[in-house]
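> Residue numbers (UniProt numbering), protein chains in the order written: chain H, 1 to 454; chain B, 1 to 454.
Derived by calculation from the structure, the hints in this document are not laboratory data.
Each hint should be verified, as a subset may be incorrect.
Unchecked claim - With the C-beta cut set under 7 Å, the calculated list includes, among others, these residues of chain B facing chain H:
1. M12
2. S63
3. G65
4. G136
5. V177
6. G179
7. D181
8. H185
9. R354
As the list claims (entries may be wrong) - EDC-like cross-link-like pairs, simulated, lysine to aspartate or glutamate; straight-line CA separation at most 20 Å:
10. K190/H with D155/H
11. K183/H with E130/B
12. K173/H with E288/B
13. K173/B with D155/H
14. K190/H with E130/B
We put the CB at the ideal spot given by N, CA and C, even for glycine.
There are 2 protein chains.
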Amino acid sequence: MTRHLHLNAFLMSTGHHEASWRLPESDPYAHVDLAHYVRLARTAERGTFDSLFLADGPQLWSSVGQRPAGALEPLTLLTALATATEHIGLIATASTSYNSPYNLARKFASLDIISGGRAGWNIVTTAGAEAARNFGLDAEPAHAERYARAAEFLDVALKLWDSWEDDAIVADKAAGVWGDDAKIHPPRHKGTYFSVEGALNVPRSPQGYPLLVQAGSSEDGKRFAARHAEAVFTAQQTVEDARAFYADLKSRTAREGRNPDHIKVLPGIVPVVGSTEAEARAHEQELEDHIVHTHGVAHLERLLHLEPGALDLDAPLPDDLPPESAIEGAKSRYTLIVRLARRERLTVRQLIGRLGGGRGHLTFTGTPEQVADAVETWFTQGAADGFNIMPPVLPSGLDAFVDHVVPLLRARGLLRTEYGPRQTLRERYGLPRPANQHVPELPAALPQPSSALV
Amino acid sequence: MTRHLHLNAFLMSTGHHEASWRLPESDPYAHVDLAHYVRLARTAERGTFDSLFLADGPQLWSSVGQRPAGALEPLTLLTALATATEHIGLIATASTSYNSPYNLARKFASLDIISGGRAGWNIVTTAGAEAARNFGLDAEPAHAERYARAAEFLDVALKLWDSWEDDAIVADKAAGVWGDDAKIHPPRHKGTYFSVEGALNVPRSPQGYPLLVQAGSSEDGKRFAARHAEAVFTAQQTVEDARAFYADLKSRTAREGRNPDHIKVLPGIVPVVGSTEAEARAHEQELEDHIVHTHGVAHLERLLHLEPGALDLDAPLPDDLPPESAIEGAKSRYTLIVRLARRERLTVRQLIGRLGGGRGHLTFTGTPEQVADAVETWFTQGAADGFNIMPPVLPSGLDAFVDHVVPLLRARGLLRTEYGPRQTLRERYGLPRPANQHVPELPAALPQPSSALV
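Model the full structure from these sequences, guided by the hints.
Here it is in structure tokens:
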């Protein structure tokens, strides 16, 4: 079977470039406009993407002055999009630090049922004190503790999703028996962070449970991904770094006793597409010209855990930045930014320009052929199973990718030309439906005793 | 302006009668079938109902043997229904005991935005140890504590919904200023049950916040309703009881300094409709014949806080039941059931038959004219501002009400004949849009100094 690219559309209000909302074409209210997202979802479906995805954090950034802030709650928005689409997977970010397993497991099961098996969960632990203070805490929990809680959260969620066997409903009207109580398995979980006694109040969903997605690239994050994730979003700046990450994650997954084909690695790319290279560069420059650098400096200072005023716009990063191990927030993103600035000897102003597009994700700027070439290189050279497509401006950047890059990928045999029959999200990603932990699996194929009969 | 009935469609899988799922027409998988609910919602919209409503509790009842158990999570299902309807309000039940204010406030704001101002929140405190044990507690919190937490929860939620002024988004592309930070008001709430620091990450929604609905009729429940609720669901067995409840709640509301017209009282009714009275009675009997009495006894024993085996099917209720004040669960429902059994001298078997339709809500059995007469009597005699319609069987019971009772109510001038222009749910219920607590209200109409000029 031909290996195909897996494409995910990472949707974000007016686009991933921080200045995108200032362009004449952009709707500054797009972040709360269902019609905007319906249009994007249908465009991604026209491009036969595997899935679309919404990032999230349960807090408002400190200033709304800079750019569109806030967003519709992802599970709510994806439920609405489920009714407006037919094939595309729907991946919502949700935090293990600021949800309870019972409520969240139920919401994902409900979305999976309503969408006919198209739900995915981007599992995040949520860095930052702002979020913590919205949930009764004074400061953010330590990185390792957030991951310990995430592991237990997922364990409980899996118990809840498996608390109904697939055939627990017998619906015997004549006997007056609706369900088989022997096929209901209450978790009776008592752990460090959670106690959850009873079975979920939703039957097992089409996929069993949502596709498990993960996006942390720290040590804790990679360990978690190797154990649990079925798709991984990652930020990589060079094909060499991406290959190293890919090989590392696949081998970690194998060491956890899992099939390395059952974890799909999707680096993020910001495709800035133009009909000529010059046109693409001009578009990139137009976006960069709209960056408000004072905002960018403040944002970078927060990301690097520096005091306000610590950075000089026209100087390089200071030499005495702390190591990643001292960072409790978004560890791997921290390292990526520092390495990018040092490798390319960027001033703070230049760094802000480079980060403006994708916050650390790679920007590909060029013609459709050049973008398709880059995608093909990464895909065929062991750096990616597919891509997390992060258009700099929405909707136009997704239109450009689907109308001009997708046909090239199809012509090269790298991407499906149509969806074919309805599939679950897990089937689109080439993954098996998970067995229920309470149901012994049948051997896939018993050895045939044919030779004895010859 | 003519006073019109407010109708709410209380949707529940195959219907409100506990045996409804056993009828030949019923789909035992209806509880997780979006198409079933879309059909019901569109039928209610054909009947120009104000709203539809989903009950909920975050637990699975102990046995799935008896009847369809579990449900799609209400906010998820209502989001999907928002995209399939245009006018009808969408009221979700959600618990103040087992949610966090930040997450829940955001979900309701998102639904309100996606639906164009049609969201409502049925505020419940969630009785029962089963739910408590799914959220890390050993036993259910005491009734009074649940209500204290509910009051603080609502206070925080209102602060979150008001944390953006309506005109906080300025969208000045030229200046690069998206929002006005002076119009963002972080709650900075530190209370007994919750600490919530930051502003919501969704702008203020079309209604400001969802319609606030309440359904507890205990002392704590009525006090909460008088202070906060804009619509109240209640179970009343006689017009006299309903009138007393109505008068009491309106006067409590006035004593809280609120306009008593701004709380709408909607008793629940289970309309068993037939083209003749005999046909309606036969339908009721068919349903009663499908009740499995052993299940009914067990359920009644739980409701009355009795040991298993305490009730005798063919005897009346025991004399020595505890008073309502000793009940920590659903207090007012307890009293209603005991009073019903004693007033009508019912055996346990007869009581189970009477409760089978609406779990304590009044069953009206008769022709469309008889049902319309009863509705009109309650509505015009100070017992109701409208009704919570609880069809015994779905979809057929809602079809019968909309096709045969609704035209009579319209002909009598009691119900709107069409929706007219799009309105928010609060406008449908004749309620004003709530002001933002951070914005001083302008005087409605300044006294005109006209006489001085004469």
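> Is the interface hint for M12/B satisfied, with its Cβ closer than 7 Å to some Cβ of chain H?
violated (14 Å)
> Interface hint check: S63/B, Cβ to nearest Cβ on chain H, cutoff 7 Å. Holds or violated?
holds (6 Å)
> Given the hint that K183/H pairs with E130/B, test it: the Cα-Cα distance must not exceed 20 Å.
holds (19 Å)
> Does D181/B pass the interface hint, meaning its C-beta sits closer than 7 Å to a C-beta of chain H?
With a closest approach of 5 Å, the D181/B hint holds.
> Given R354/B as an interface hint, is the shortest Cβ-Cβ distance to chain H below 7 Å?
At about 19 Å, which exceeds the 7 Å cut-off, the nearest Cβ of chain H leaves the hint on R354/B violated.
> For the hint on G65/B, does the least C-beta distance to chain H fall short of 7 Å?
holds (5 Å)
> Does G179/B pass the interface hint, meaning its C-beta sits closer than 7 Å to a C-beta of chain H?
holds (3 Å)
> Would the hint on V177/B stand, with a C-beta cut-off of 7 Å toward chain H?
Since the shortest Cβ distance to chain H is 5 Å, the answer is holds.
> Against chain H, with CB atoms and a cut of 7 Å, does the hint on H185/B hold up?
Given a least distance of 11 Å, the restraint on H185/B is violated.
> Assess, step by step, whether the Cα of K190/H is no farther than 20 Å from the Cα of D155/H, and give holds or violated.
Satisfied, since the Cα-Cα distance of roughly 11 Å is no more than 20 Å.
> Sort out whether D155/H lies within 20 Å of K173/B, counting only the CA atoms.
The hint is violated at about 46 Å.
> Can you confirm whether the C-alpha distance between K190/H and E130/B stays at or below 20 Å?
holds (15 Å)
Violated hints, listed in ascending order, are 1, 8, 9 and 13; each of the other numbered hints is respected by the structure.
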